[in-house]
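Number of protein chains: 4
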Amino acid sequence: MILITGASSGLGAALAKRYADQGEQVMISGRNQARLAGVAQASTNLHPLAADLCDEQGVATLLDTLATMSGGAALDTVIHCAGSGYFGPIAEQQADEIHKLMQNNVTSSILLVRELVKRYQDTPLHLVVVMSTAAQQPKAGESTYCAAKWAVRGFIESVRLELKGKPMKIIAVYPGGMDTGFWPSSGKSLDTSSFMSADEAAEMLQGALKATAHGHIADITIARG
Amino acid sequence: MILITGASSGLGAALAKRYADQGEQVMISGRNQARLAGVAQASTNLHPLAADLCDEQGVATLLDTLATMSGGAALDTVIHCAGSGYFGPIAEQQADEIHKLMQNNVTSSILLVRELVKRYQDTPLHLVVVMSTAAQQPKAGESTYCAAKWAVRGFIESVRLELKGKPMKIIAVYPGGMDTGFWPSSGKSLDTSSFMSADEAAEMLQGALKATAHGHIADITIARG
Amino acid sequence: MILITGASSGLGAALAKRYADQGEQVMISGRNQARLAGVAQASTNLHPLAADLCDEQGVATLLDTLATMSGGAALDTVIHCAGSGYFGPIAEQQADEIHKLMQNNVTSSILLVRELVKRYQDTPLHLVVVMSTAAQQPKAGESTYCAAKWAVRGFIESVRLELKGKPMKIIAVYPGGMDTGFWPSSGKSLDTSSFMSADEAAEMLQGALKATAHGHIADITIARG
Amino acid sequence: MILITGASSGLGAALAKRYADQGEQVMISGRNQARLAGVAQASTNLHPLAADLCDEQGVATLLDTLATMSGGAALDTVIHCAGSGYFGPIAEQQADEIHKLMQNNVTSSILLVRELVKRYQDTPLHLVVVMSTAAQQPKAGESTYCAAKWAVRGFIESVRLELKGKPMKIIAVYPGGMDTGFWPSSGKSLDTSSFMSADEAAEMLQGALKATAHGHIADITIARG
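Protein chains in written order, with numbering that gives the first Met the number 0: chain A, 0 to 224; chain B, 0 to 224; chain C, 0 to 224; chain D, 0 to 224.
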């Protein structure tokens, strides 16, 4: 069984559909129940579970429900795509938008990863954390977005050290810009016509999420072009 | 004129005293008015200004007051030492403590830097941001602390790109562990007797904060040992 | 058509066999003609081409021959696996072994990449450069090996900037330790029984080397465990 | 007693003069005997010692001579400035120039550091290794120069791990571009009139090379502007 967060649009939705098409049971999570339901219509293998990951109780309830719904099937993969963007020169950014950005990207990731480690650290769970190339370098006009993404990277690289020798693994994914609904909602207007589509990124990511008996793909950067 | 945040203890207090002893006018900021007043007793050159940097109005008021008090003297240096620690395996960390950690380190830094950029980007202000070696690498048992410090690093490295060609400069400081009140308050118990004292770190940092007509020391790591 | 360097053993040989089994025409290169011939016996799709990549004429001749042999088929992928290891505390390392290490890893990579850029920068060539996790962090006992691998990483990340907007792409691969003949020949004795085999790494890498119309997997870390 | 390599010009020469002016005994090393002698004329505290650091015997002889000349005075600081530049798009770079670049920057650093570790690892020697901001990021048009500088960085960061707990310390210095004879000799023509002078960089670096009983400044980036 697979859990995908941030699955109501973009890369999360594209991945969910691909895995469902291959016969996987996929729990899809997001905050917007209507949009989640829309995505779920694509396949009977898609199961919507609305949740607010910025709230620790929301995370616990999500994982409780998932355990109930699974009918005993093990959770083997979590793909954490949830997140949002906010851009602009720092002098023009708004405090409340910065707060939301940190909640949506950093708090949600910390609370989800914490709860998964508590429950699954001794099982062979593959936790895939989707960040951005903004986690790998500073960018003018993206200072708080870089802050959020660097935070998640520093966090999961540290948790990895804590999981050393355990069967649970964290896979880090850094996609470049995609042509999704992410941009309009972030307030940044740019021509994304040459960007890869969410489905292209999903196709590449799915191919790259490989593991064998003694190893696994641990870090993946997906570049435009 | 110099502004030092987080000046009620540790490295901030040690730096404040050193600069005051050299005849500089030093505004010292912190949340705890009583402790700030205690530090200020060391010299008539120390001027306490209580402020909550996690609140955007608190930051604005601090800088307004400082402009008023300066009597026209230019603010040439800001040393941002404010911050707090929180440690432990991720499975044992508490959501409310994680929230406080992010507020005290990330939100405060973003709001302060944002306001300083707005007001001072066209002046030769040196903004010194004190982080930690936890901003440079992942550490087991420090996952959320690393998250916070990586966030600040990604943030200021991005803002630097926005300030390119401007007279305002950001200096990044990464100190290793110091023997200060930081540890007891962070909940981490360890033997810090071989750590450098706050005053040793202050002495080294003060020596390293150098600039000439065409250059400046931009990044400084202070190591133990 | 695919060219694989360092294909006389280890990951290079394993990749060569996998691609040949899938019907690809694979040119395999290495310095040891006898071992190359041994690898080539596995499939009629494997074509040995002995070459010394540390010599600029050797590189040019290899690519000339390859162009001749291809019968007009385009070279679409180069997987550069050639390299060697040398380990130990720096105080005990020998100057001539350090020289060989730099030649085998840095010089060969620079000369090969330079020649490929000259000839193929305007074609959709995917150049996969296999390094090591030693390119991503410092390691005690591996100082000169890290030097060599960091060099290659700094080099290809710079060349990528020069290729921006061109169809030729560089893919960076960082595998952790594998259970191959690499270790005995490096002079380092360690128990590699829990390491991934070369064939496991080859299987994962092959799966991860994905590209679509507007994007490609650009960086891949393959971890043990 | 201080040893400065690459002291016949640029930052090395500027540092040598500053330390000599302060009364320090400074051994200055370089390959060009005539230029070294010219630098030495500035002060009776400057002692020229021609040496080729790319040759292991040259390094050993330099350190033997230095031990003899010191009259028992301990070597407390080594500032390794030796190095050279070579630039241009990779497709236009020449193999023999690349070889020289690697020798002058990587081989020399490895051989010098190796010999210093052998002889001085149990003494409180401060070994300052001057690299470049090209060691911290990739740069178009500087691919092999970045290769060389990344190599030195990966090397010294690894050796630091081997020296953990020892009194010998390695300090890493990353200066941005300076207005020195480096550029004309590197084949790169650019307007360096707004760059910092070697003497400015020397002044800042000297101020930043601080240590106290329990700590030391370990990494220093010197930026233009």
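Simulated from the structure, these hints should not be mistaken for lab results.
Treat the numbers as computed from the prediction; the structure is a model and nothing was measured.
Take the hints with a grain of salt, since some may be wrong.
Because identical chains cannot be distinguished in the list, a pair is counted as satisfied if it fits within a single copy or across any two copies.
The calculated lysine-lysine pairs, modelled on DSS-like cross-linking and capped at a C-alpha distance of 30 Å, are [as the list claims (entries may be wrong)]:
(1) Lys-209 <-> Lys-165
(2) Lys-99 <-> Lys-163
(3) Lys-209 <-> Lys-163
(4) Lys-138 <-> Lys-99
(5) Lys-209 <-> Lys-99
(6) Lys-138 <-> Lys-117
(7) Lys-187 <-> Lys-117
(request) Against the earlier hints, flag every one the structure doesn't satisfy and list their numbers going up. (result) 5
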